[in-house]
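Trainee: As you go down the protein sequences, you meet chains X and H in turn.
So that you can map any letter, position 30 of the first sequence is 30 in the numbering used here, and since no number is skipped, the others follow by simple counting.
So that you can map any letter, position 158 of the second sequence is 158 in the numbering used here, and since no number is skipped, the others follow by simple counting.
It is worth saying that the hints were derived from the structure and are not from the lab.
Watch out, some of these pointers could steer you wrong.
Some chain H residues near chain X, calculated using beta-carbon distances under 10 Å [stated by the list, open to error]:
1) 197
2) 201
3) 204
Below, computed lysine-lysine pairings styled on DSS-like, alpha-carbon distance capped at 27 Å [as the list claims (entries may be wrong)]:
4) X:63 <-> H:324
5) X:67 <-> H:217
6) H:209 <-> H:81
7) H:311 <-> X:63
Glycine residues also receive a C-beta, built at the ideal position from the N, C-alpha and C atoms.
As a plain string of letters, each chain reads:
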Amino acid sequence: MRAHTLVVLVEDHPGVMNRIMSLFRQRGFNVDSIAVGHSEIAGMSRITLGVSGDEREIEQLTKQLYKLLEVVKVTDVSGENLIHRELALVKLAATERTRGDIMRLVSEVFRARVVDAAPDTVVIEVTGPSEKIDSLIALVRPYGIKEIARTGAVAMVRGSGAVATTHEEALA
Amino acid sequence: MAVETQQTGSAVEREVPPMTGARVLCQALMREGVDTIFGYPGGAVIPLYDVLPEFDIHHVLTRHEQGAAHAADGYARATGKVGVCLATSGPGATNLVTGIATAMLDSVPVVAITGQVGQAVIGTDAFQEIDITGITLPITKHNFVIRTVDEIGPTIQKAFHLAISGRPGPVLIDFPKDVQLARGTLAPEEQLNLPGYRPTIVPHRRQVKRAAEMIRKAERPLILAGHGIVISGATDELVEFVERAQVPVGLTLLGIGGFPGSHPLSLGMIGMHGFTHGNHAINECDVLIGIGMRFDDRVTGRISEFAPNAKVVHIDIDPAEIGKNVTADVPVVGDARETLKMLNEMLEPQHHDAWLKQIELWRRDMPSRETHPNGALLPQYVVERLHARTEGRAIVTTDVGQHQMWAAQYYGCDIPKQWLTSGGLGTMGFGVPSALGAALGCRDQTVWTICGDGGVQMTLFEFATLVQENANVKVAIVNNGYLGMVRQWQQLFHNRNYSETPISSPDFVMLGQAYSIPSRRVMRPGEVDEAIDWAQSFEGPALIEFVVNQEENVYPMIPSGGSVGEMIEEELEW
């Protein structure tokens, strides 16, 4: 059992995410995080999946994904030299007295930003590997967390290689 | 949603193409070679039914949409072509669901077309609106919603291609009423662009070579052949391979007919109710070659004890089946026929005399069954006589339960596409409507449907359709007064607690006659042959009720989740 990151290229059709989520639910695959957006290829979306499982489960998940008509390419990038990023917004209770501490802490240690301040709250924006976000959250928890919004991680392999740079390559 | 037809003004109207979406759909179906549709009208498909009679397509009005779906399935299994069913929105569509799921689990090419409410009211819980594409997501190979007339041609083309290619399966097309009424033309056939769909037909040569090497080294090889043999039409190639390599063949429930049952190297069906020698062979083999099958739990029993001495070669067109249940030492992704062709080129003749002799000894050790204990009529005897009197040439469909297993054991099919049964989903009620579909797909053949008294009552409304179509379907009801398979489990594993399994039936002979079906009842062994011959002496439907021994069990039996060591071979004193 180990955390895997899968990059899935799908045709940008209505209902694609529904098909993928239905597949996961039906077959009992555990998804830790999911992030979706347009890819560099017109008409194709890129899904980054964080999933846990042993090799056999991940292989089965990959094969089942390929059975969906709109799934064009599935790449397991776990173990590669990865850039792994997630964005989180954290709304914290803050008083006149604590606001300065919070701002210093998050900007110096986490290179996070305060993107909103109200009389009794601040909103912190932080980007980074999921573990970094986890530790930021742990650190600011004592101040009183009002709300957390996380995007789920996106990932990219370092260096000149690409999962797919063209439609043709996606199909190769 | 834009509806292209709602422009007004005479100038525009003159340019409007002369065809409704409903006609375009029929044209597209004609282009795919559709000659028969099983369906049932309703509000959301009235425009389609309005134009259907203009086309050279035979519409079969079933008595329930489930019947239409099973009939399309039976048509597809018997002909090898895509079966088509049609229903209205809402309840019409949901009534197809069991039939679609049946086709999904058994990889049968069916295209289901459902009416849908107009796009303007989709999402408003309109009358007879249901999200059928959502409902059928996990039980179709793919499904579509047609949103404009322009999409009709390409969607039908894709649907038929997807249904029958690669690993076949059902495809559903949801067809909103406003598109049926909109105007347009049929787009010319196009080169399909399905970037995410590239089934591997021809296997990788290197993998086939590895398989050949493993088979060459085997001392006790065994083939398990499944539905893939029938679907890909690989019977000749399999026979050649088997004779060349001298490897015995066990069949899955759906593999029956893919390899001749009368061949000396056939072990018949294996698995939960497979014969003893076949299951012993699985236990002892050193190389197991699964071809076009998926190591279902009814085949394997307890996975950890399945084929404990064997290296596994797994050949299947669906890569997701390989390594799913049983780890494959040599995985081969490809069409069964193409793979066997390649194997036949690579492999020189082999000999496994000692192994075959061992299997023969197991075969001889099987307990013999009394034909008529105390003069009783046994269901196995009924099936054996059906096989004898039809000379094994009939198309046989079954329902699900004990009779299905007896039919699998004793109707030794020699010809592919003559054995139609719901294996994966195990759908009671499949027998009669699938026989209807098979009979209309193969009009020169006789179709026998072997049903239990439970299953036949689930879909016997289709008797009316058999008569309406004068379908050459002979209904054999094996009546033991029980939901027999469940009763057997209750007897063996639940202390004879026959909870809700005794089931009453109508007078089947009177019922058949009420539908104008010539009908008879058989109570004694001596009447069996004559009744079968009578049923076959005329065209069109016939019904025979065989009143059989009530508490007969299906043996051998490996209890669910068990292994060969736990096989129950014959009736013990309980």
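Trainee: A separate judgement is required for each hint: does it hold in the structure or not?
Mentor: These are the hints, each one checked on the structure:
Given the 10 Å rule on beta carbons, the hint for residue 197 of chain H holds: about 5 Å separates it from the nearest Cβ of chain X. A cut of 10 Å between beta carbons decides the hint on residue 201 of chain H: the least distance to chain X is about 16 Å, and the hint is violated. Proximity of residue 204 of chain H to chain X is violated relative to the hint, the smallest CB-CB distance being about 16 Å (cut-off 10 Å). Note on residue 63 of chain X and residue 324 of chain H: the hinted pairing holds, with a Cα-Cα distance of about 10 Å set against a maximum of 27 Å.
Note on residue 67 of chain X and residue 217 of chain H: the hinted pairing is violated, with a Cα-Cα distance of about 34 Å set against a maximum of 27 Å. Under the criterion of a C-alpha separation no larger than 27 Å, the hint pairing residue 209 of chain H with residue 81 of chain H is inconsistent with the structure, at around 32 Å. For the suggested pair residue 311 of chain H and residue 63 of chain X, the alpha carbons sit about 23 Å apart, so the restraint of at most 27 Å is met.
Comparing the model with each numbered hint stated earlier shows that hints 2, 3, 5, 6 do not hold.
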